[in-house]
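Visitor: For reference, the chains in residue letters:
Number of protein chains: 4
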Amino acid sequence: MMPNKRIANLDLALEGHRKIEWAWASMPVLRLIEERYRGSRPFAGTTIAACLHLEAKTACLLKVLRNLGATVAAAGSNPLSTQDDVCAALVEDGISVFSRHGMESSEYYENLRTVLSMRPRILIDDGADLVALAHEEMPGIAGEIIGGSEETTTGIKRLKAMEKEGVLRFPMFAVNDAYSKFLFDNRYGTGQSVIDGLLRTTNSLLAGKSFVVVGYGWCGRGVATRAAGLGARVVVVEVDPHRALEALMDGREVMSMEEAAAVGDFFVTVTGNLRVIREEHLRKMKDGAILANAGHFDVEIDLDALELLAIGKDRTRANIQTFTLLNGNRLHLLAEGRLVNLAAADGHPIEIMDLSFALQLLSSLHVLQNPSLEPGVYAVPEEIDRSVSELKLEALGIRLERLTDEQRAYMASWKE
Amino acid sequence: MMPNKRIANLDLALEGHRKIEWAWASMPVLRLIEERYRGSRPFAGTTIAACLHLEAKTACLLKVLRNLGATVAAAGSNPLSTQDDVCAALVEDGISVFSRHGMESSEYYENLRTVLSMRPRILIDDGADLVALAHEEMPGIAGEIIGGSEETTTGIKRLKAMEKEGVLRFPMFAVNDAYSKFLFDNRYGTGQSVIDGLLRTTNSLLAGKSFVVVGYGWCGRGVATRAAGLGARVVVVEVDPHRALEALMDGREVMSMEEAAAVGDFFVTVTGNLRVIREEHLRKMKDGAILANAGHFDVEIDLDALELLAIGKDRTRANIQTFTLLNGNRLHLLAEGRLVNLAAADGHPIEIMDLSFALQLLSSLHVLQNPSLEPGVYAVPEEIDRSVSELKLEALGIRLERLTDEQRAYMASWKE
Amino acid sequence: MMPNKRIANLDLALEGHRKIEWAWASMPVLRLIEERYRGSRPFAGTTIAACLHLEAKTACLLKVLRNLGATVAAAGSNPLSTQDDVCAALVEDGISVFSRHGMESSEYYENLRTVLSMRPRILIDDGADLVALAHEEMPGIAGEIIGGSEETTTGIKRLKAMEKEGVLRFPMFAVNDAYSKFLFDNRYGTGQSVIDGLLRTTNSLLAGKSFVVVGYGWCGRGVATRAAGLGARVVVVEVDPHRALEALMDGREVMSMEEAAAVGDFFVTVTGNLRVIREEHLRKMKDGAILANAGHFDVEIDLDALELLAIGKDRTRANIQTFTLLNGNRLHLLAEGRLVNLAAADGHPIEIMDLSFALQLLSSLHVLQNPSLEPGVYAVPEEIDRSVSELKLEALGIRLERLTDEQRAYMASWKE
Amino acid sequence: MMPNKRIANLDLALEGHRKIEWAWASMPVLRLIEERYRGSRPFAGTTIAACLHLEAKTACLLKVLRNLGATVAAAGSNPLSTQDDVCAALVEDGISVFSRHGMESSEYYENLRTVLSMRPRILIDDGADLVALAHEEMPGIAGEIIGGSEETTTGIKRLKAMEKEGVLRFPMFAVNDAYSKFLFDNRYGTGQSVIDGLLRTTNSLLAGKSFVVVGYGWCGRGVATRAAGLGARVVVVEVDPHRALEALMDGREVMSMEEAAAVGDFFVTVTGNLRVIREEHLRKMKDGAILANAGHFDVEIDLDALELLAIGKDRTRANIQTFTLLNGNRLHLLAEGRLVNLAAADGHPIEIMDLSFALQLLSSLHVLQNPSLEPGVYAVPEEIDRSVSELKLEALGIRLERLTDEQRAYMASWKE
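As given, the protein sequences belong to chains G, L, Y and B, one line each in that order. Per my numbering, numbering through the first sequence is continuous, rising by one, with the last residue being 487. Per my numbering, numbering through the second sequence is continuous, rising by one, with the last residue being 487. Per my numbering, numbering through the third sequence is continuous, rising by one, with the last residue being 487. Per my numbering, numbering through the fourth sequence is continuous, rising by one, with the last residue being 487.
Rather than coming from a laboratory, the hints here were simulated on the basis of the structure. One thing to keep in mind: the hints can contain errors.
Unchecked claim - Pulled from the structure, derived: some chain B residues nowhere near chain L, Cβ distances all over 12 angstroms: (1) 105; (2) 175; (3) 206; (4) 345; (5) 437; (6) 470; (7) 475.
Said to hold, decoys possible - Now the in silico label distances, taken between C-beta atoms and shown as ranges: (8) 385(G) with 329(Y): 51 to 61 angstroms; (9) 378(L) with 447(G): 50 to 60 angstroms; (10) 235(Y) with 468(B): 35 to 45 angstroms; (11) 238(G) with 473(L): 26 to 36 angstroms; (12) 454(G) with 398(Y): 35 to 45 angstroms.
By construction, the Cβ of each residue, glycine as well, lies at the ideal position given by its N, Cα and C atoms.
Let the sequences and hints guide you as you build the complete structure.
Guide: What follows is the structure, encoded as structure tokens:
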């Protein structure tokens, strides 16, 4: 069957194939899983719709799904993270793709509708827009879906809100909450890739700079660790007292946003919330401050406020817009306030997405094998979660210590 | 009422008072709580039995309990961590104390029986020996207890085993599992204090050494972070694949115990399990290897195997026993395999115990105010947990960021 | 006077101006110096020839020289570091430029000859090729040069060899050996920019990887610190026992190249020497090993050996050539073995080059004001070196502590 | 010949022997040197006077000197660092010892006079008091001395002042300036041991604290690195702009002493200068601030000012004096302002002193073999310096990379 498509240019496929091949070489967990299931083709006859960042690593997941029998339809989850050459390569490989770098919002939603119209049984979502749209606009389609998975903090927050309201119609696996995901993807993945985005965009020194991380969840911790690893002095802004205290004892300074606004050279938002940097903060910032977002949606920095405050606005460098305020200060916004690691760099490191996508893949398989689960937000089963880390260790040739029988018994006893 | 006692020497009280005063100055959270409740004396008429490490910080908790009205009876939870001068000071301050530095095992259990015989309504336990003994030997006493709290990983493991077997007769609050506890006490507390124990015992350089951490739970992570912070190359031994992978990505080497045995200069066990370093490992170690335990019980290093393997055994330095093996290698055991941070140093930093003891105190209060809870292992209520971190931030003058109404609404919604 | 040029395309100037403007905003030291000397135009009537990496930061130095009165002729010091848009902008700004991205070796040398043929009085060199060529081919020109400066370890090594042979004909200031240079440029500059080059080229995770740094001089230390800061386990290869021991105590593993070859995931050479990774090492490497050079010349990895060993060679990704060996292993060479931070990223951070170029500028001024110095390699005068760091601190608003008179006297005394 | 002595108690020897034996096991470099020279007994007939911290590691040096034939007379360089049991053991081993823990200043000087009166040919000094006294009071003795060595920054500063004034009468080797010394002893040695002193004295948490390091030389860098490694936020006070900027880019905050005084929780002085913390700073400090010195002399904190400001003074804990100021604030002074690592802990780690003492030993041998050197301050010969690091690497079984002939030639050439 010929794949459907709405992409920029099929002629770009060659470069896309190269990129995918490069990624594939560093994805041993997906490879091991593919080897295990390739013979049985468990997804044969199943359509899977995915809304993901369409770049080389994602392409590897989609190709494995196809190799295991699925009909795959993919939409890009972000206009700036879509790579047109990768989309072209996917289409050549028989996957239906609907996305274009720099697409408008309307086009984005139209793409989601298109993939849903292909009547998928399983969804793989990133931010929960696909799920939300199915529920809001296409109830008939939603009724045919047996389940899916979601990989972001933001998406899971939304799914839980749906569950709480009683509107969620199928089971969704919270991949983000699996150990093999959040311990690695959120922390080491976001940490490294945000640094990558900042370095290649700005050519600015981090050593000795005041680096404000807004939000000290797993992603924020990762960003803070890497910024400190490059010599920055990290300031953390938090609403949760445990996390604030943890940041302090990790050696960070902890402040309110108002206080941090006045001292930061770099600001990275990673809260999953909206308008965490607002007009009153923008007014207090130093000349030359650099603003970036690493949360899923481009709502964390109040872009409307920034536009209103500015008396001038220029593109000063690739992926940098400079806003000149009335007080003469220039504030530099990276990647239009979208995920800086995906919009201004290549996203998470390959080895990290290998883990996260293995969870997506095995969760999809679990959905397929358990088609009658009640609607709700589910934890990824422990054995799946564990197997992903085990496969990675196996690929690395690392030996786990094994519990002795005596030790197992001891752990279950209470008498001394 | 005159306190009862079985302690080493009441004449040591002056030095004990000094130590307690020093600790008290760095315990702002306990101070704030004491101020709040001093007027109402909520524990008036209530006997509380505690089995804890009897040193200066613990003394502060016990004194606050007394100041809030309680009759307090304390036993030491470890023969090497008991400080005789602190015990003397506590007795002078009207608290019944039963412990002695270096006491035998039989004396230890006799002390537990004594405090239980004072018919406490509330228990504060560290390792769950008090709870276990009440259940095993003194069912009448156990029947009068309305609840208590437990602060160690080891103790909670035991309590959960009791709960699972259906024998636990009163509610116990798992202080260890509170954020204000494990994030700080297990990690920064154990981390720093284990380093303290190693440095003052050995005078050995950590920089450039191979430092094996057995167990990468919160305590193990803390020890690993601090060892690396002093320049050691850290090797981690783990049975859990997530933790093993996390250790790897934290920049540690990950190995089986067998492999690690051959490369380590220092070994610190912190698993909560027994015999994690066994004969086969001891045989492989390098001449001069240093062995320490930071788990609750002295069972993590197989001391019997060490004795059997040794052809000679000397006390080479305070808190160091050197075992000479048949192959000529000398293995140095610190603090007889007991908690190295408590037996060979002063235990966790004061500021850390301020948090942990605040949780113990507020949990005891919660038990008192909720005398009819079902038996079982309970999480510390979220508001208590949160309040401890908030009080600490307040004491430090640190400003948390506050959510706006718009942000609260956003976090509860799912429509974009 | 119209500038001369041999560049790729003058039409690219607009983007070049943007880049230069971005850099200029983060170069407060150069700005402060320009302000100080702009009125007196000390270089009026003087031709200065520079062989440097022709990108935006260098452009700022060249523009300041011009603004202080100099006639400036610039050649690119590396075919891959030359940015054509910056060259175009410089020509528009009245500077003679001879370079082109991707130029052949013959074109490179022709460019050097051209700038020398403009009869400069002062040279600013990077790698000492300009100085060497003047001595080897253009003795008449060399005779008119009153001096210059050199900023790399490699270049200074060559100049010292010339001085030792008695052939050096004019004074050269060893900018690399100034504190304001090597403490910052070599360490934090190389450190961050090499990481930048690796991340944007490979999208590979550093956390948990084995990262081999060959050479533990100031540059190597910087690379090692940043790699560790991103979670890698760093292995150091050194020929000097002090540095080897320092690496060990910094928490690195230290090995011979032969041993390191077998364990590395990443290799970065930064020795200033040639063929430090040779055939015998390439044969031992793991499948997927990534090879990069951060030394001045592309001689540190034996590229001929790599070509000879390979049975296949592909461009797998921008700036990556993959060599497949007979044993099936694939070795990935970044940026053709040229300086990975300049050829595959934007070079040192702007704030670092601000310091290094300030030294170049003040050294040129010193040469101009002292036209009769004997030939030889000179240290940058202490007051110049100190002033650069002082200007930077002034720009940052940081207060140095000042010695009291009593303290000065104490430091000069020996009686207690 | 029976050794002379003025020590506390010869009966303490057994514990002293144990301590020395423990240290000796971790001193492979001294062992290798002793093995090499034991047969030839090069120091036979030579009296060596040493003024050093008389604890177990130093004892190993003194015993090796004796084993190589020397007659050894030792005085303690600091009243608080002298360990009486070690002194007793040394006397039993045939070494003349003059020191006592807690001795008065007058006794200290009398001891120096006594060792000098034994007419040494070689001096081993620590702080240069022995050298200064010989010059000031005992010119006849000084005239017989053929040379010596000095290991501290402070001592070398004094010797250079003597040299500059033209009064120094014999050659002194600046052991402190050797790579094998300052790279390791000043940095990793001071770093770890200062932390040791702080931890065992205060039981305070470092994580999250503001830790002020006054002086960012090699010692200060070491202290800062280790404080950060334990989670503190480090503030640096410096008079030198290069070091200030380096501290900043190392991720520290940089301030004047006046600014730092108001924010610090811990203060460690390590400047080699006097009165770096003065009345105006003490007045600004927070309640509970902890003051320690790691410089050679107890002059860095203005103790007179502290006494004058205080309205109360108590010994609050071993090695802690608490001064209560008029404003109610309590400032805690550790170890009376003396070297906190030696007076309140066991001094540098054993493995570090192995390197430093190897330099002292080989320098003494060099003096002996070159009895006619001109007076002056000399660098330790490069081959000695190098050999110490090489012996250490040999003991560790670490392989240095070796230069090829081609590489040697390349390093000496300038033509491309």
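Visitor: Taking 12 angstroms as the cut and beta carbons as the points, is residue 437(B) off the interface with chain L?
Guide: Holds, because the least Cβ-Cβ distance between residue 437(B) and chain L comes to about 26 angstroms, which exceeds 12 angstroms.
Visitor: Does the claim that residue 475(B) lies outside the interface with chain L hold up, using a Cβ gap greater than 12 angstroms?
Guide: holds (28 angstroms)
Visitor: Within 35 to 45 angstroms: is that where the Cβ-Cβ distance between residue 454(G) and residue 398(Y) falls?
Guide: holds (37 angstroms)
Visitor: Quick check for students: does the CB of residue 206(B) sit more than 12 angstroms from each CB in chain L?
Guide: holds (35 angstroms)
Visitor: Is the distance from the Cβ of residue 385(G) to the Cβ of residue 329(Y) consistent with 51 to 61 angstroms?
Guide: holds (54 angstroms)
Visitor: Given the hint of 50 to 60 angstroms, is the C-beta distance from residue 378(L) to residue 447(G) inside that range or not?
Guide: holds (56 angstroms)
Visitor: Decide, holds or violated, for the assertion that all CB atoms of chain L are farther than 12 angstroms from the CB of residue 175(B).
Guide: holds (26 angstroms)
Visitor: Taking the CB of residue 238(G) and the CB of residue 473(L), does the distance hold inside 26 to 36 angstroms?
Guide: holds (30 angstroms)
Visitor: So is residue 105(B) really clear of chain L, every C-beta pair being over 12 angstroms apart?
Guide: Correct as stated: the minimum Cβ-Cβ distance to chain L is 18 angstroms, above 12 angstroms.
Visitor: Taking 35 to 45 angstroms as the hint, is the beta-carbon distance of residue 235(Y) and residue 468(B) inside that range?
Guide: holds (37 angstroms)
Visitor: Could you let me know if the closest chain L CB is still more than 12 angstroms away from the CB of residue 345(B)?
Guide: holds (29 angstroms)
Visitor: Grab the minimum beta-carbon distance between residue 470(B) and chain L and tell me whether it stays above 12 angstroms.
Guide: holds (15 angstroms)
Checked against the numbered hints given earlier, this structure breaks none of them.
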